[in-house]
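Listed below are the residues making up each chain.
Protein chains: 2
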Amino acid sequence: MDFKDFSCVDFVEVLASKEPVPGGGGASALVAAVGMALGNMVGSLTIGKKKYADVQDDIIALKEKADRLQTELLDLMQEDAKMFEPLSKAYGLPKETEEEKAYKAQVMEECLRDACAVPLKIMEKCGEAIDIIQEFAQKGTALAISDAGVGAAFCRSAIMGASLNVFINTKSMTDKDYAGSINKKADDMLQKYTALAENIFTDVLGRLK
Amino acid sequence: MDFKDFSCVDFVEVLASKEPVPGGGGASALVAAVGMALGNMVGSLTIGKKKYADVQDDIIALKEKADRLQTELLDLMQEDAKMFEPLSKAYGLPKETEEEKAYKAQVMEECLRDACAVPLKIMEKCGEAIDIIQEFAQKGTALAISDAGVGAAFCRSAIMGASLNVFINTKSMTDKDYAGSINKKADDMLQKYTALAENIFTDVLGRLK
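Protein chains in written order, with the UniProt record's numbering: chain A, 1 to 209; chain B, 1 to 209.
Check before you lean on any hint, since a few could be wrong.
Below, a list of computed lysine to any residue pairs in the SDA-like style, where the Cα atoms sit at most 25 Å apart [stated by the list, open to error]:
hint, chain 1, residue 1, chain 2, residue 2
1, B, K192, B, P94
2, A, K49, B, P94
3, A, K209, B, T194
Derived coverage of chain A by chain B (criterion: at least 3 residues anywhere in the stretch with Cβ under 8 Å from a Cβ of chain B; other residues may be distant) [what the hints assert, rightly or not]:
hint, region
4, 26-34
5, 84-93
6, 99-105
7, 109-118
8, 126-139
9, 166-176
Among the chain B residues that face chain A by a calculated CB cut under 10 Å, a handful are [stated by the list, open to error]:
hint, residue
10, M41
11, A102
12, G149
13, A153
14, S163
15, N165
16, M173
17, D177
18, V204
Calculated directly from the structure, the hints in this document are not laboratory data. This one's a predicted model, so the numbers in the text were calculated from it and none came from an experiment. Each residue gets a CB set at the ideal place from its N, CA and C atoms; glycine is no exception.
Start from the sequences and build out the full structure, keeping to the hints where you can.
Encoded structure:
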């Protein structure tokens, strides 16, 4: 069974256990999906309201993007687990002889690249989600504005969470140039989107207090 | 069926809809439970490791607290919905006559107090979770340190998310003294625990990069 089909209580339980998966990457994908859904809810509550008739087409288009992102993020919960398992096995390879050492190093490097790719993709999707939430906050019904703020906070923590799962893997890579290029990508997204999400939250907080 | 028993995909879907529940409060309880579980995972991966034998008793005690908090937070998902429904109905009460207006105002005030109580409780539980994650980060296995960092980021966003669900309700209260005392409590927790969680995250990030 895919992790997205686990009940919330079962997912939390297996996450807390010593099972190798799910981990922080998959959990970040879930939290981002929950954040995107809160933005999407603002859209759902806006459609059909006379006061917002002039932005209805924009809201419908945004909701389509949000639906797609939710699905992609929920699928990334399983994708993260799938890419982590080979790495988890590679850590256990023997390294007694020189030959074993060389083989392990090569397998590890490949597995680390794969294990990085998923949290990096989760980060990209978090960024898209934050952009969409910003539009929902600007155009959607003021009655649901708190939900856009909560969604922004969740996607901010999800991109931060996914970034740690990039950095923990790049740290172990022997190809430092490749590791550096991945870190740069992650750092750029982290900087841009944590700031944007914080702004959305602060703006919502200001409208509520 | 309680929301905690919904599959992740079904919870995200109903959250994104125009259904009055679940909302940002219940979603914050889920994100905090996921964050607490990530801290708890650090504990699970620490137990039985020779290198950490001297802190094993502390870790076992922390894990018991974490298990309890996860359960409480998952139950708060439903509790939040239960307290929001009467408020949702109160908004729809008629206010044509003076008598109706007075009755609506009184019912609204009571419902607003109840609807505030749950996100305030979620905030308290987020604070406890952040304290526990800090100890897991300090004492638990360094191999799982990223999970403590991700957990701290999630609980930080959950306390922020829950706070918006306090403020949106206190804003509508007519008893401004009561509203002010609740806002003060929420502000104090928000200030203390967003700073603490940010420190845990930054510390973990520093250890990974």
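To see whether the hints hold, each was checked on the structure:
| no. | hint | result |
| --- | --- | --- |
| 1 | B/K192 - B/P94 | violated, 42 Å |
| 2 | A/K49 - B/P94 | holds, 20 Å |
| 3 | A/K209 - B/T194 | holds, 18 Å |
| 4 | 26-34 | holds (count 6) |
| 5 | 84-93 | violated (count 0) |
| 6 | 99-105 | violated (count 0) |
| 7 | 109-118 | violated (count 0) |
| 8 | 126-139 | violated (count 0) |
| 9 | 166-176 | holds (count 3) |
| 10 | M41 | holds, 5 Å |
| 11 | A102 | violated, 24 Å |
| 12 | G149 | holds, 5 Å |
| 13 | A153 | holds, 4 Å |
| 14 | S163 | holds, 8 Å |
| 15 | N165 | holds, 6 Å |
| 16 | M173 | violated, 13 Å |
| 17 | D177 | violated, 16 Å |
| 18 | V204 | holds, 7 Å |
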